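K.L.:
Each chain, written out:
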Amino acid sequence: MNHNSRETEALASSAAIVNAKGTGLSLRSIVKRYGEREVLRSIDLDIQPGEFVAIVGRSGCGKSTLLRVIAGLEEIQSGVQLHDGRQESTHDDTRIMFQESRLLPWKKVLANVSLGLTRDRYLEVLDVLNEVGLADRRFDWPSRLSGGQRQRVALARALVHRPRLLLLDEPLGALDALTRIEMHALIESLWREHGFTALLVTHDVHEAIALADRVILIEDGQITQDLHVRLPRPRARSDAAFAALEELLLNQLLGKTLIKPDALAA
Amino acid sequence: MSQSLPRLVWQRSLPWVAPVLLLLLWQLAAQTGWLSSRVLPAPLAIGKAAWTLALSGELWQHVAVSARRALSGFAIGGGAGLLLGLLTGSFRRAEILLDTSLQMVRNIPPLALIPLVILWFGIDEGAKLFLVSIGVFFPIYLNTYHGIRSVDATLIEMGRSYGLSGWGLYRDVILPGATASILVGVRFSLGFMWVILIVAETISASSGIGYMTMNAREFLQTDIVLVGILLYALLGKFADLTARGLERFWLRWHPGYQH
Ligand SMILES: Nc1ncnc2c1ncn2[C@@H]1O[C@H](COP(=O)(O)OP(=O)(O)O)[C@@H](O)[C@H]1O
Ligand SMILES: [Mg+2]
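Protein sequences appear in the order of chains A and B.
First residue of the first sequence? That's 1 in my numbering, and the numbers climb one at a time after it.
First residue of the second sequence? That's 1 in my numbering, and the numbers climb one at a time after it.
Just so you know, the hints here were simulated from the structure itself, not pulled from any lab data.
What you are looking at is a predicted structure, and each value in this text was computed from that prediction instead of being measured.
Watch out, some of these pointers could steer you wrong.
[To be verified] Okay, the calculated beta carbon distance ranges per label pair:
{"#": "1", "chain 1": "B", "residue 1": "L246", "chain 2": "A", "residue 2": "S42", "range": "50 to 60 angstroms"}
{"#": "2", "chain 1": "A", "residue 1": "A185", "chain 2": "B", "residue 2": "S13", "range": "51 to 61 angstroms"}
{"#": "3", "chain 1": "A", "residue 1": "I181", "chain 2": "B", "residue 2": "G191", "range": "19 to 29 angstroms"}
{"#": "4", "chain 1": "B", "residue 1": "W167", "chain 2": "A", "residue 2": "D226", "range": "38 to 48 angstroms"}
[To be verified] In silico negatives: residues of chain B with every beta carbon more than 12 angstroms from chain A:
{"#": "5", "residue": "L22"}
{"#": "6", "residue": "L44"}
{"#": "7", "residue": "N107"}
[What the hints assert, rightly or not] Some chain B residues judged to face chain A by a derived CB distance under 8 angstroms, without partners named:
{"#": "8", "residue": "V105"}
{"#": "9", "residue": "V151"}
{"#": "10", "residue": "T154"}
{"#": "11", "residue": "I156"}
{"#": "12", "residue": "E157"}
{"#": "13", "residue": "S161"}
{"#": "14", "residue": "G166"}
{"#": "15", "residue": "D172"}
{"#": "16", "residue": "V173"}
{"#": "17", "residue": "W253"}
Ideal placement from N, C-alpha and C gives every residue a C-beta, glycine not left out.
Assemble the whole structure, with the sequences as input and the hints as a guide.
P.N.:
Okay, here's the thing in structure tokens:
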């Protein structure tokens, strides 16, 4: 694996200067244990600034743990992680979103999005609420919103900080199919406009292929597949190449056949 | 939805039919002499007694004394309970230092302390204040401690990752998260506050509603005794309404308190 890791590392640091909007990420031999149990076993991963990477894998394989490690929410037992080539313990320009919106129920939408901001950034808050289409709901309690609307508020809350790395841990996992499709379009357009690096954990292979430049498969704490999705955007979900990729990933997830990614990801 | 007005009036008044009938029956039984006024005076007689007491100002004086006792006891005991609950809920050190001792004291029913309290304070104001304070302390302490402890950890993590810490985190995440539980304690202790005060005033007092009723008992003025009982009921109801009002205000974000 990572036969070209030195190349990508060089690329990551040079691109960081060119593309200041997104964080370049390098993980080297990351090991995370809970007690005796090794949840992440030597993860190596390079992500280009501004890239959209999806992480798929069975439940319990360590996807959330990996995301929390990158967010700085978990200590690691060994390994190095570099954000834009630097090793820092706190990442102010990184934001993370979860399956639950984690909105404060006792604050109205506007106050939730303004969390941790000074008052003078009010206009920015309004702007970003406009971007997710919820400016007119700014004086509502979160309990009055639907699940999809709550996730949009959580997205706005993350975006108002102009993150350079956005981590998404199954943010659409609890939403209905139609709302998910709407959210895909919203996340894709926000990503294109803002230029942040996006790392999306999902159990939905279809979602991963619809959104990501690259799909990474994690099995039992290890990266076992790293697939470039070279389909033009916006992606037609009924496309034959789309379906082929989807089947290929699903098969590996289900443990059916070994695949040669380069042959198929044309 | 579209109900006729008479029907609506009928439905609204239905729950009141039984109490009104009972009152009428009671009044009748008392007037015909079937019910001795020593046992239970007529409702009108009780109303008249209340009116006379109110006019002379005696009623208000007693109510004021009792209310002052109740509220100062609540302020002292409730305030201490809130402070200590916040302390032990928020700081591990404080919990280790204080919680076990407090949990041990909690097992003593406040009313069991009465003989001791009379030995300490006599029938002084201090005795009543002490009893009420102790009584309201524990419900508020326990619910505050528990409320702080059970604030959603994912929200605290979220707050931290958005740059909140120290007082900011406390104000925006931890305190609001504990409010529902704290208010349960407040509501419970407001009810308990009157119970304790009634017992304390009945046993020993030289003013207040309890004194008024015990005094009336000596002169066989059953009507005034009943006025006192009804006053306690009214004040208890008022305390409960206040607690509900606080809940409706502080928890207005909560789906359970929106209509
Ligand atoms: N705080 C924790 N303490 C102990 N074990 C944990 C903890 N968090 C996760 N794990 C374990 O680590 C493994 C990976 O979890 P996770 O990263 O959440 O999986 P997923 O891929 O479903 O997101 C699971 O087996 C889980 O039980
Ligand atoms: Mg997970």
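K.L.:
For each hint, tell me whether it holds in the structure or not.
P.N.:
Against the structure, the hints:
1. B/L246 to A/S42: 50 to 60 angstroms: Roughly 55 angstroms apart at Cβ, these two residues keep to the hinted range, so it holds.
2. A/A185 to B/S13: 51 to 61 angstroms: 57 angstroms, holds
3. A/I181 to B/G191: 19 to 29 angstroms: 53 angstroms, violated
4. B/W167 to A/D226: 38 to 48 angstroms: 45 angstroms, holds
5. L22: At about 43 angstroms from chain A, B/L22 clears the 12 angstroms cut-off, so the statement holds.
6. L44: 50 angstroms, holds
7. N107: 34 angstroms, holds
8. V105: Not OK, violated: B/V105 not within 8 angstroms of chain A, min 33 angstroms.
9. V151: Where the cut-off is 8 angstroms and the nearest Cβ of chain A is about 11 angstroms from B/V151, the hint is violated.
10. T154: 6 angstroms, holds
11. I156: 10 angstroms, violated
12. E157: 7 angstroms, holds
13. S161: Since chain A brings a Cβ to about 7 angstroms from B/S161, closer than 8 angstroms, the hint holds.
14. G166: 13 angstroms, violated
15. D172: With a minimum Cβ separation of about 7 angstroms from chain A (threshold 8 angstroms), the hint on B/D172 holds.
16. V173: 7 angstroms, holds
17. W253: 4 angstroms, holds
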